[in-house]
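Peer 1: Residues per chain are reported as follows:
There are 2 protein chains.
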Amino acid sequence: MDIAALRSAHPDHWKKATAIRTLTLDAVAAANSGHSGMPMGMADVATVLFQNHLTFDPKAPAWPDRDRFILSAGHGSMLLYALMYLTGYEDITLQQIKDFRQWGAKTAGHPEYGHARGIETTTGPLGQGIANAVGFAIAEEIQRAHWGAKIVDHHTYVIAGDGCLMEGVSQEAIGLAGMQKLGHLVVFWDNNNITIDGTVDIADITNQPARFAASGWHVQEIDGHDPVAIDAAIVAAKADPRPSMIACKTHIALGHAAQDTSKGHGALTNADQLAAAKTAYGAPLGAFEVAADVLDAWQAIGARGAQTRAAWEARFAALSPAKQAEFTRAYAGDAPKKLAATIRALKKQISESAPSVATRKSSEMTLEVINPIMAETIGGSADLTGSNNTKTRDMGVFHPDTRKGRYIYYGIREHGMAAAMNGMALHGGARAYGGTFMCFTDYARGAMRLSALMGVPVTYVMTHDSIGLGEDGPTHQPIEHLAMLRATPNMHVFRPADTVETAEAWEMALTSKTTPSVLALSRQNLPTVRKTHTAKNLTAQGGYVLADAESKRQAIIMATGSEVEIALAARDLLQADGIGTRVVSMPCWELFEEQDDSYRRKVLPAGPVRVAVEAGIRFGWDRWLFGERGKREKSGFVGMHGFGASAPAERLYQEFGITAQNVADKVKSLIK
Amino acid sequence: MDIAALRSAHPDHWKKATAIRTLTLDAVAAANSGHSGMPMGMADVATVLFQNHLTFDPKAPAWPDRDRFILSAGHGSMLLYALMYLTGYEDITLQQIKDFRQWGAKTAGHPEYGHARGIETTTGPLGQGIANAVGFAIAEEIQRAHWGAKIVDHHTYVIAGDGCLMEGVSQEAIGLAGMQKLGHLVVFWDNNNITIDGTVDIADITNQPARFAASGWHVQEIDGHDPVAIDAAIVAAKADPRPSMIACKTHIALGHAAQDTSKGHGALTNADQLAAAKTAYGAPLGAFEVAADVLDAWQAIGARGAQTRAAWEARFAALSPAKQAEFTRAYAGDAPKKLAATIRALKKQISESAPSVATRKSSEMTLEVINPIMAETIGGSADLTGSNNTKTRDMGVFHPDTRKGRYIYYGIREHGMAAAMNGMALHGGARAYGGTFMCFTDYARGAMRLSALMGVPVTYVMTHDSIGLGEDGPTHQPIEHLAMLRATPNMHVFRPADTVETAEAWEMALTSKTTPSVLALSRQNLPTVRKTHTAKNLTAQGGYVLADAESKRQAIIMATGSEVEIALAARDLLQADGIGTRVVSMPCWELFEEQDDSYRRKVLPAGPVRVAVEAGIRFGWDRWLFGERGKREKSGFVGMHGFGASAPAERLYQEFGITAQNVADKVKSLIK
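Heads up: the sequence lines are chains A and B, in that order. Under full-length UniProt numbering, the residues of the first sequence are numbered 1 to 672, in order. Under full-length UniProt numbering, the residues of the second sequence are numbered 1 to 672, in order.
Simulated from the structure, these hints should not be mistaken for laboratory data. On a predicted model such as this, the values are computed, not experimentally measured, just so you know. The reader is advised that the hints may include incorrect statements.
One copy or any two copies: either way a pair holds, since identical chains are not told apart in the list.
Within a straight-line C-alpha distance of at most 27 Å, the following computed DSS-like cross-link-like pairs (lysine-lysine) qualify [to be verified]:
(1) 361 <-> 263
(2) 361 <-> 348
(3) 361 <-> 404
(4) 15 <-> 263
(5) 263 <-> 98
(6) 15 <-> 98
(7) 536 <-> 602
Can you build the whole structure from these sequences, using the hints too?
Peer 2: So this is what it looks like as structure tokens:
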């Protein structure tokens, strides 16, 4: 690469892009860790984007109508940090750049949502950013239709690398975006032909532009170091009604001895080579130095958006106070005031009518009262709408012709759905939920972990939550999934026993601000077990006494979801034999764990034998089966010990021994 | 669709295809559950494939050089069962067809590997079959290069639906297959334009032929009900050196009232409509009846392969006895006899030299002695070769130009890698291992669960197994992953403490026949803790006493992997204070659980306080922290309580309190 020619062709541009490159080199060298090459390769694209196109205001990183910039190739985090520092984001000071990858720094190894205002999403696990971006763009489309383009009208820009595009989730994102004609989505592909193991062609020969075009995208191919070409491509991308992919031919680690090599992907720390690169750039400055005129130029770019923001604020102020309040509420992630009363009314009606329905149906009944009062919900399913019961009457379907629709047919794309839901939540003003069979949390896991890590309150509607699914067999029957989800930090796993608990779980999910929720819901009908109405949300406590012992308390049976019915039947058997038995429903372990000791001890007192029943594996249950203090209670578990099988559900419960009789027998054997 | 025209155009073909359709309708109706439409739509393709092309012998379902038929759209299981019954597979009797989806039947809701001989893989979770098939085809290529085309020379055929192709894993499979020019792989796309939620275009407008072509595939588009076109396309596919995709335009539930509708995807059970369809087919027979001449024709197809097999057996018999034995051993999944001695020799050398290396490096050291004596190993990494340490000196790289290479650059495709590994194991004669960062088991989870469910002994080399990964931060640091993997039935999760345990773990993994293994390996250097050589494989017991108390035993510290070093250091602190402390290394919980009670009690006797230390969450540890019997030991846990952070590893261990001092303090606080 002829660096001198690049310098002389567009000297002002070059200097600005150089600042990104040198800050990257310096920060990675100081950390002795990180990824130098990607920011050095994509500095030109980023410079043109931020200078000429991106609508943003570093002084108001959360301004709702800003453009979103998603660094899907998150290992190139120094690209983002350099841009944020240079344009004046308050959270990314020069000291933060110097502290790159150190304990407590906002400049983590990969961009972490919440660490600094202005980081739109957490990236690093490849492919997530581009899939998040589809959610950002959907949220923008829906809100533009709902609020009008005067209030919502912005673009989502993504930088994705070869890694992002090789990950399968990218195909799910590309397919969904193409079908949905997300015209405000622009993806830059950092086409540098290098991965960690070597040149891309040792693992992939995909013609990426052709692949995107096959899914309905507008595609362009440019020299990613030519600022004029970059600018023209962005102009064309914005003008096209389809989502755009701009293939940017770049040189990883441009201008460094490691340029165009796998070594260039990683940490370039050699001091001589670093100095040589700086010299080649025409910027032989000390570590972390940026020439004053260059910094000024970048600050001017950062100041560019203030006027646009002010104009937006004026338009926003012209909305009616009610509309302003509604917009502000949705962006704050607050539930509407009437949610509590709405849920209470549903609970009361259910406790009285006591229907026997599957909790997936209970979820639909709850959504039928929620969706009309929460315009910010965006629902969907990965091609199991009729099974997940996720679509309510008046949502409308989101489609290129019906942008106000709030229901998304995600297709058979669990991972893409979950990542898009994260993007919607991160966009703001949207509360996303999406459904699939619980077993296929396996497919969505990469994005679900990021929901938890970022603390975005999306809701996973996971139906067919056990062997109760029946004939579809072991590939479709979750066994270990409750344990896996419960093992994940910052995730509320609800397994409601009936419609009342389902409504309560939904209330918790919809009022959560920093924790995603999973609703594990039955395929099969379940009786209403909460026949006495309580205004209080008992599920909020995680576990509670559903039915107490009628005589001296000798046993406690703990259960969740569809097995609460079995626990209650076992209690009947035991009480008939004079064995005082308490049933504790535990719809959410995490919330029960958060209660104070005295509450937990009240629910699970020392003394009685303890038996848990759940149509999943025991893993994790020991936490509740053993007493809190010194003395260990005798305890047992009734549930699964391996994978399921294909047969009608009732037969499976019998064959695997998850029956009231077995629970009662287990209690008796322990009492003896 | 003009059924009459189809009938008259190719009457003999039609009758055979009709048998598949009517058996499907009858079985689904009897089960009142299942998926009728797909087998009805793809019956013509399957009939032509089985009649004219597929090399198979129902009397020898495991014959190594058979073609492989993979039903990626596994919900259409009745297609496979009907074919197996009609062509004479012994395990699929008419009674099995009648027992479709019932308890104990071999005809489960989705095809389950191991239920009937002749089912090549478990499918149902969409996209897995096509990704398995890439592994099948790679194994065939490698073995053809190794053994010659006289011994190994067969094709892998796949039927995939829209669901398979929307799942992201399909892109990973398509990309890998295209780059690798897997010419013996032929994929039929059941292009019926229907998914559960509606027509495909409500979620996807992808031009699938263009998408496959973009990744280097040979593509054709045909009428999937025209037997002449189907045959010609298969001929052309076999002739082309690239992997082939044949887009088959079909009608789901052909000839039924539900044809071309989403309803047709599911269970068609209406008796009148069923009868009407049979009449339209010209086969108004009773339930499960197949006309004698049609059954005869199918049986003749089933008999077609016997001669081919006999010819192969003659060629095989002409190999030298040593070669025959080697081939047979590899296909039996037996390790070579010298494996044990090789591992022992390595252990002895390591115990003496006591190197301080990361266990990912230990794994490489082990592979360096294994790969030369096990020609059946196929290694690889999802673009982290230098980090996973999965490539040994003399493996060679598998590539279109170097088919004998046994190392695969999978690209950034964890899910596709895992599914391909499953395919290699299922193919036979291959032992697959593959690496990525342990955190990205999240991406591979869909296929890893199937490794466990099918019981295929693949090995996942999961390095960077904790916060010890350091600066890359929380997105790359596994916290809950050990718990998730341990929660999975039939999976051995090894977390070795040093090179000796790593070698022992590898020995267990390579001698396993029905259980996949995960090796959780450190990024950071670890001392050799097993300095006294034992011929016995202690890791085989799952947990064992690594260092016993030097005075009265007051405490037991349990640890795995990189925290065993910390446990030993804590023991030193405690012993210095006169507190007799045992350290138990627990590299594999599952194997420890399999030991008899008395062994477990010997290792973890009642009485001493128990502290576990592991750089993951506590979830699951309670199983070992609480005593086996009545009295509960005082216990504690030192580990993670949430997500990690970005900083140098040593700093993270300090900040999160995973230190010898903290372990020692925890023990002391419990003894008090």
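Peer 1: Please go over all the hints and tell whether each is borne out by the structure.
Peer 2: So, going through the hints one by one against the coordinates:
1. Taking CA atoms no more than 27 Å apart as the test, residue 361 paired with residue 263 passes between copies only; the shortest distance there is 20 Å, against 54 Å inside one copy.
2. Proximity of residue 361 and residue 348 under a CA criterion of 27 Å is satisfied intra-copy only: 17 Å inside one chain copy versus 62 Å between copies.
3. Taking identical chains as interchangeable, the C-alpha atoms of residue 361 and residue 404 lie at most 27 Å apart only when both belong to the same chain, with a minimum of 25 Å there against 55 Å between chains.
4. Taking the shortest alpha-carbon separations for residue 15 and residue 263, only the intra-copy value of 25 Å comes in at or below 27 Å, while the best inter-copy value is 62 Å.
5. Proximity of residue 263 and residue 98 under a CA criterion of 27 Å is satisfied intra-copy only: 23 Å inside one chain copy versus 60 Å between copies.
6. In this assembly of identical chains, residue 15 and residue 98 lie within 27 Å of each other by CA distance solely inside one copy; the values are 21 Å within and 75 Å between copies.
7. Taking the closest pair of Cα atoms, residue 536 and residue 602 come within 27 Å of each other only inside a single copy of the chain (18 Å); across copies the shortest separation is 50 Å, beyond that limit.
Of the hints listed earlier, there is not a single one the structure fails to meet.
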